[in-house]
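J.: With chain A held as given, fit chain B onto it using these hints.
Protein chains: 2
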Amino acid sequence: MIRSNQRPVLAVDLGGTKIIAAVVVPDGKVISRSYCLTLAEEGPKAVIERLLSAVSEALVGAELKNSEIAGVGMAAAGIIDAKKGVITTSPNLPGWHDVPLRDVIAERIGLATYLVNDASAAALGEHRFGAGKGLGNLIYLTVSTGIGGGIIIDGRLYTGTDGCAGEIGHMTIEAHGPQCNCGNFGCLEALASGSAMTREAVRRMGQGEPSSIAELARGRLMDVTAEMIAVVARQGDKMACEIVADAANYLGIGLANLVNIFNPEVIVIGGGVSSMGNMLLGPARKVVKERAFKLPLRTVRIIRARLGSNAEMMGAAVYVFDQQLAKRRKT
Amino acid sequence: MIRSNQRPVLAVDLGGTKIIAAVVVPDGKVISRSYCLTLAEEGPKAVIERLLSAVSEALVGAELKNSEIAGVGMAAAGIIDAKKGVITTSPNLPGWHDVPLRDVIAERIGLATYLVNDASAAALGEHRFGAGKGLGNLIYLTVSTGIGGGIIIDGRLYTGTDGCAGEIGHMTIEAHGPQCNCGNFGCLEALASGSAMTREAVRRMGQGEPSSIAELARGRLMDVTAEMIAVVARQGDKMACEIVADAANYLGIGLANLVNIFNPEVIVIGGGVSSMGNMLLGPARKVVKERAFKLPLRTVRIIRARLGSNAEMMGAAVYVFDQQLAKRRKT
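Chains as they are written, first to last, in our numbering: chain A, 65 to 395; chain B, 65 to 395.
Just chain A, with the same shape it has in the complex:
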């Protein structure tokens, strides 16, 4: 028999590209895992059905029934109203406006269900099982198509008054900079994300500037990705190197802001673009040294995430464990 405080949870990462569902036990072991494509363009209803299928598959894989599960944790991109369990808007899930995902899933599965922003979840995952294990004050930054953030204060996730704190990617660092997807101008995301780099590459190639990115993309500007930019930057392509250097500079400015504001022990950087590694993080760390105060600089380590694409899902599991622990303590 499984004791109630050792029961596994269902953890879901609802991303713009794919949905991961897994059964996870409190020590972090993943018993089973399934995934499917999100196909976000088909709208909330179809996506929710696919999410439920992935969840069922994970349950079958773990040879468990609903009643043996302690709860469901879901991580999703977007501005999440945690009190109401609603995705108010999401850059990766077009057409999702004020979707009460938590209650919809809770009703269908019949278990206590939680919804948390994906970068907040990843912060929790990295803090409990990844690069920031056991630390008190941790900032997590995911640099991929967009830039998201998660905040751990005194060992606990901080999600703010409504549950939408941590939008570090939408911190303006260049007041007169380019417009961001969020409508604001000069956000960190508009200057240092994967989409910022591709936007810049496309703009410059559109003006006739030569770059071997063009060959990789077979001349189709719409197909340029941050990965392509990374590949040719490694080969010394001038334009790609400049674009990565600019992004690294802005990333460093954003990180310096975090160092001055939070005085954290560690900043953990995950997300697809962070796999550029030292090509991006080396110059960014140098900028932090030039811009932040000496005292918090002496403390902070800026390191890469460890859980890869499992961070959000693992964090969603941790979120359920923590919520239920808090509930047990209250009663």
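Since the hints were made in silico from the structure, they are not lab data.
Note that identical chains are pooled: a pair holds if it fits in a single copy or bridges any two copies.
Pairs of lysine-lysine, DSS-like flavour, derived with a Cα cap of 30 Å:
#1 394 to 197
#2 148 to 350
#3 147 to 350
#4 147 to 394
#5 353 to 302
#6 358 to 82
#7 350 to 197
#8 391 to 197
#9 109 to 148
#10 197 to 147
#11 353 to 148
#12 82 to 129
#13 129 to 391
#14 358 to 148
#15 302 to 350
#16 353 to 147
#17 109 to 358
#18 82 to 147
#19 358 to 147
T.: Quick look at chain B alone, frame taken from chain A:
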């Protein structure tokens, strides 16, 4: 007889201009208060003696002996290493580098002594006794010669790993902006503080641009203050109005960043420059509305501080009460 958890504390605000010392009881009542000029240019040794005199005077005023005091709380401007009780560097106290103020005062007074950044202290003061009473998540911003910040998370002061968190004034919001006193570029402080406004006024008058600020300052550019700019802006002086509008715009950008990062219930704005009131805060609030996410915007109130120049001193008192309460709970 006074019970140990009701004993008053000595609270000190060590500012660049003046030192306030007071005896404060846990319900926030100030029993006695004394102050003197800092005369910071005379260096740490002389200032510390004046601080001790102010403390003695406050004790005499309260008709209390050292032994009847629970502890000493000191708020000071600068980058403070809270673990070590050291002012590592301070913009308002020239020549203060790595001064172990906490231990020096503790030894001289013979009481448990605490040192905290002045804006963090003001955040605590406003949270306990001022504009943010009883709220969970509060950001305090002091806009005066410089810009400082304090962070209240879930009802508790957050000072970071070394005790120097909250340097919101040194968040870059214009990557290619003017250099700040801290060495960094485009900090909020370099764009929206009193010194940013006077720098701009002096620069423009130096280029021959007309403004009635010149009359107020009797032609001496060195004597221009933010107050003068406010006075003539109220009278419709074109240059002064533009300078205040620019500062308000940048202040709004900084506030929008705080809304997106912290999703706070309230942002409390204190400091001398904030007494410009709606001339500054009106346009700043408008910028926040344009730039921040809708969900946290719906929640946040951006309001003026209530404790005026007592906020730091009151917060230093709260800091002692809280530290000693935590200590009692541990034992």
